[in-house]
Every structure is written in C-alpha cells, then in structure tokens.
Amino acid sequence: MKYSYIKPRNKSLLTPELQLLFVFFGITIFMLFTTYAFLLFKDYRFTQDRLDIIEQREETSDEIDLIENRITFIKEEQRLSEDVFTKNTVLKDSISNMFDLVPQRITLSEAKLLENGLVLYGITPNKDIYNFMLQAPLRSIFHRTYSSFYPAQNGWLRFVSTNYIDKEEEMFEEVKKDTQDEDYDEEIEYED
Amino acid sequence: MKINISRQNIYLLALSILLLIFVFVFAFGLLIPEGKEYRTKRADLKKENVELRKYENFRDDVLEKLTELKSDNRHIIAAFDTSFDTQRFEKMHRTYFNSLTVQAMQNMDNQGKFSVYEVNTTSQINSPKSFYDFLDAVNKSDWIIGINFPINFKREAEMIRSSFTMKVYGIAKDTNTTDSNVSE
Numbered sequence: 001m002k003y004s005y006i007k008p009r010n011k012s013l014l015t016p017e018l019q020l021l022f023v024f025f026g027i028t029i030f031m032l033f034t035t036y037a038f039l040l041f042k043d044y045r046f047t048q049d050r051l052d053i054i055e056q057r058e059e060t061s062d063e064i065d066l067i068e069n070r071i072t073f074i075k076e077e078q079r080l081s082e083d084v085f086t087k088n089t090v091l092k093d094s095i096s097n098m099f100d101l102v103p104q105r106i107t108l109s110e111a112k113l114l115e116n117g118l119v120l121y122g123i124t125p126n127k128d129i130y131n132f133m134l135q136a137p138l139r140s141i142f143h144r145t146y147s148s149f150y151p152a153q154n155g156w157l158r159f160v161s162t163n164y165i166d167k168e169e170e171m172f173e174e175v176k177k178d179t180q181d182e183d184y185d186e187e188i189e190y191e192d
Numbered sequence: 001m002k003i004n005i006s007r008q009n010i011y012l013l014a015l016s017i018l019l020l021i022f023v024f025v026f027a028f029g030l031l032i033p034e035g036k037e038y039r040t041k042r043a044d045l046k047k048e049n050v051e052l053r054k055y056e057n058f059r060d061d062v063l064e065k066l067t068e069l070k071s072d073n074r075h076i077i078a079a080f081d082t083s084f085d086t087q088r089f090e091k092m093h094r095t096y097f098n099s100l101t102v103q104a105m106q107n108m109d110n111q112g113k114f115s116v117y118e119v120n121t122t123s124q125i126n127s128p129k130s131f132y133d134f135l136d137a138v139n140k141s142d143w144i145i146g147i148n149f150p151i152n153f154k155r156e157a158e159m160i161r162s163s164f165t166m167k168v169y170g171i172a173k174d175t176n177t178t179d180s181n182v183s184e
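Those protein sequence lines, which keep their order, are chains A and B. Its first residue numbered 1, the first sequence is counted upward by one per residue in the working numbering. Its first residue numbered 1, the second sequence is counted upward by one per residue in the working numbering.
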C-alpha cells in the first residue's frame, strides 16, 4: 500500500553540508602539509648549504695559511738576500778602503782579509814611511796591530802587518755609543 | 525552551571540532616549531655567509699582497730556485777576470729553510777594479751568492791572484715542495 504519490529520493552519506566541511578542511590540511613540506625542504637545504659554506671556509682558511706561509718565506728570502748583498757591498768598500790606505811608496805583495782582521805583506823603503803612512791609519781602524820587518835584497824592508779587531771591544764601543746617544736624547727632553 | 538539533547536525559539529583540533595540534605541534627552526637556520646561514665573505675578502687581500711581493722580488725568488752551475757561473763572470776557476765543495749546510753551498774560487785580475765590478755583478747574478772570508790577494808579476770562498744560497728541498703548492 502506497502512502505517498512522490518517489522517495536516495539518501546519501555525503550530505552537501558534509561535502562543504570536507572541502574546507581538505584545503586547510593541504595548505598545512604543503607549508610543512616546504619548511622541511628548506631546512634540509639550509643544513646542506651551511655544511658547504663551512667546508668552503675551511678550504679558504687553509689557502690563507698557505699564502701567509709563502709570504713569510718570500720575506725571509728577501731578508737573507738583502743581508748577502749588503755584505758584498760592504766587502767591496772594505777592499777599496784597504787599497786606498796603502801609500804609493809602499808596495803590497800579499793581502789577506780575515773576518776580524787583515794581514798585509809588502815592501817599504824604510820603517818611518811604514810607521807614519801605513801603521798609523791601520792603528786607528784595528784594535791590535803587530808589525815585523826583515831586510830585502835592494836595501828596502819587507814587512808583515797583522791587524785584528776585537769583537768584544767593538761591541763595548757600540753599547757605549748607544748609551751616549740615549743620554743626549734624555738631555734634550729635559731641556724641553 | 527546547533546542531542537538533529542527529546529523550533531555528527557534523563533532566532525568539525575533531578536524579543527587536528588543525590546531598540527599547526602548534609541528608547523610552528619547524617555522622557528627555519628562521634560526636562515639566520645561521646568513651569518656563515657573511663569515665566508670575510674569509674570502681576506684571502683576496693576502693573495694580492703575495702577487705584489712576488713581482717585486722576482729576481730573488728565481735566484733562490736556481741550482748552482759552476760552468755557467764561470761563463757569466769570466769577463771580470783574466782566469777564473770555480770548484764546488762537497759539504752542503742547511740554515733553516735554506741550503748553503760552498764554492772555492781562484782567479787572476789586472786591478782591484775588476774585483769591485765582479762584486757588483754577483749581486745581480742568477744566484744568491755571498763572498766569504778569508779573501786572499797575492801579487804575481803584473797580475793579482785572488782566492776566496763563496756561499751560494738555495732553498732546502723539503721547504721548496711545501711552499710551491700555493696557486694563484
């Protein structure tokens, strides 16, 4: 027996309200998960980038160390070469001075330049010329001067002049000079 | 007053509340801490980048200094790197002497990073001027050479025979290998 003239509509579990609810929460949850995934990915990238940067920094630091070592080494080379060149120039001047020191009337036959001394072999017309013209300037340069003579065949005198600079005395003189300079500076300051 | 709520609406409300709770828990439990971490890591990365930039700038400065130093001391660096050759030395400096003999001594000494090589030299010169010219030339030669005491000058007829030792400076082998690794 029929109680209604219309056909009953099919009842569905997903009502329009429920559909609306699922769509709304679906979009919300999708956005939340997308954001979370984005953050996770970015975190991973940041960690990787940071590790790369740390590695690069260490490499750069090693490179800096190597470059600084090389700079130090070149500076050492520069210092050593300058020392050597200066010594050569000083040596040239010393030899030049030594030859200038010998007067024309005295003839040298041999000269030995030592680290702290000078040995001269030669011939002189007489002792006075040697004493006044060679020994006097030598005495002013060296701390110890020894001379020995023996007669030559032509009536002149052969001589051997041995001259030494005492390093201790030289150092003492340098210290004394430095102290005098300091005293002088102090006096100037005091006057000011 | 009686509120009439259908059963379907109650289910709907319960589901909405459940989903809302899930959204809040997810947001506060995971998303916000992750966001904070993201900001911290971004700041750290920025800091590291600044630090790296500082290192790179310093490296560039130091490298520039090295390049400048290298170009200023090209001759000295090349001289230290060149190994001593007696024949070449004789050929280069023969012009200052009437005769020149260079004899390498066997003993090689190490002074820190540098090796020192001793060479015996005997020569004949016309006048001391030749020797002065030789000393000037030695400072410009292909090696770092120091003239060493004792120096002996002996008169032989119209000539002066001079004999002296020279110290030739070079780079000790182990130093050479480590320091030459710097690339520009």
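To be clear, the hints were calculated from the coordinates, so they are not data collected in a lab. Note that the structure is predicted; figures quoted are calculated from it, not measured. There may be inaccurate statements among the hints.
In silico DMTMM-like cross-links for lysine to aspartate or glutamate, where the CA-CA straight-line distance does not exceed 25 angstroms [unchecked claim]:
| hint | chain 1 | residue 1 | chain 2 | residue 2 |
| --- | --- | --- | --- | --- |
| 1 | B | LYS54 | A | ASP83 |
| 2 | B | LYS129 | A | ASP83 |
| 3 | B | LYS70 | A | GLU59 |
| 4 | B | LYS70 | A | ASP65 |
| 5 | A | LYS112 | A | GLU76 |
| 6 | B | LYS129 | A | GLU110 |
| 7 | B | LYS36 | A | GLU110 |
| 8 | B | LYS46 | A | ASP62 |
| 9 | B | LYS46 | A | GLU76 |
| 10 | B | LYS113 | A | GLU76 |
| 11 | A | LYS127 | A | ASP100 |
| 12 | A | LYS87 | B | GLU118 |
| 13 | B | LYS140 | A | ASP83 |
| 14 | B | LYS70 | A | ASP52 |
| 15 | B | LYS167 | A | ASP93 |
| 16 | A | LYS112 | B | ASP44 |
| 17 | B | LYS173 | A | ASP49 |
| 18 | B | LYS47 | A | ASP65 |
| 19 | B | LYS54 | B | ASP44 |
| 20 | B | LYS47 | A | ASP62 |
| 21 | B | LYS154 | A | GLU115 |
| 22 | A | LYS75 | B | ASP44 |
| 23 | B | LYS65 | A | GLU58 |
| 24 | B | LYS41 | A | GLU115 |
Derived coverage of chain B by chain A (criterion: at least 3 residues anywhere in the stretch with Cβ under 8 angstroms from a Cβ of chain A; other residues may be distant) [as the list claims (entries may be wrong)]:
| hint | stretch |
| --- | --- |
| 25 | 59-65 |
| 26 | 86-96 |
Don't be surprised by glycine CBs; every beta carbon is placed ideally from N, CA and C.
Evaluated hints:
no. : hint                 : verdict
1   : B:LYS54 to A:ASP83   : violated (37 angstroms)
2   : B:LYS129 to A:ASP83  : holds (23 angstroms)
3   : B:LYS70 to A:GLU59   : holds (23 angstroms)
4   : B:LYS70 to A:ASP65   : holds (17 angstroms)
5   : A:LYS112 to A:GLU76  : violated (32 angstroms)
6   : B:LYS129 to A:GLU110 : holds (17 angstroms)
7   : B:LYS36 to A:GLU110  : violated (91 angstroms)
8   : B:LYS46 to A:ASP62   : holds (22 angstroms)
9   : B:LYS46 to A:GLU76   : violated (40 angstroms)
10  : B:LYS113 to A:GLU76  : holds (9 angstroms)
11  : A:LYS127 to A:ASP100 : holds (20 angstroms)
12  : A:LYS87 to B:GLU118  : holds (16 angstroms)
13  : B:LYS140 to A:ASP83  : holds (14 angstroms)
14  : B:LYS70 to A:ASP52   : violated (32 angstroms)
15  : B:LYS167 to A:ASP93  : holds (19 angstroms)
16  : A:LYS112 to B:ASP44  : violated (73 angstroms)
17  : B:LYS173 to A:ASP49  : violated (40 angstroms)
18  : B:LYS47 to A:ASP65   : holds (23 angstroms)
19  : B:LYS54 to B:ASP44   : holds (15 angstroms)
20  : B:LYS47 to A:ASP62   : holds (20 angstroms)
21  : B:LYS154 to A:GLU115 : holds (18 angstroms)
22  : A:LYS75 to B:ASP44   : violated (39 angstroms)
23  : B:LYS65 to A:GLU58   : holds (21 angstroms)
24  : B:LYS41 to A:GLU115  : violated (69 angstroms)
25  : 59-65                : holds (count 4)
26  : 86-96                : violated (count 0)
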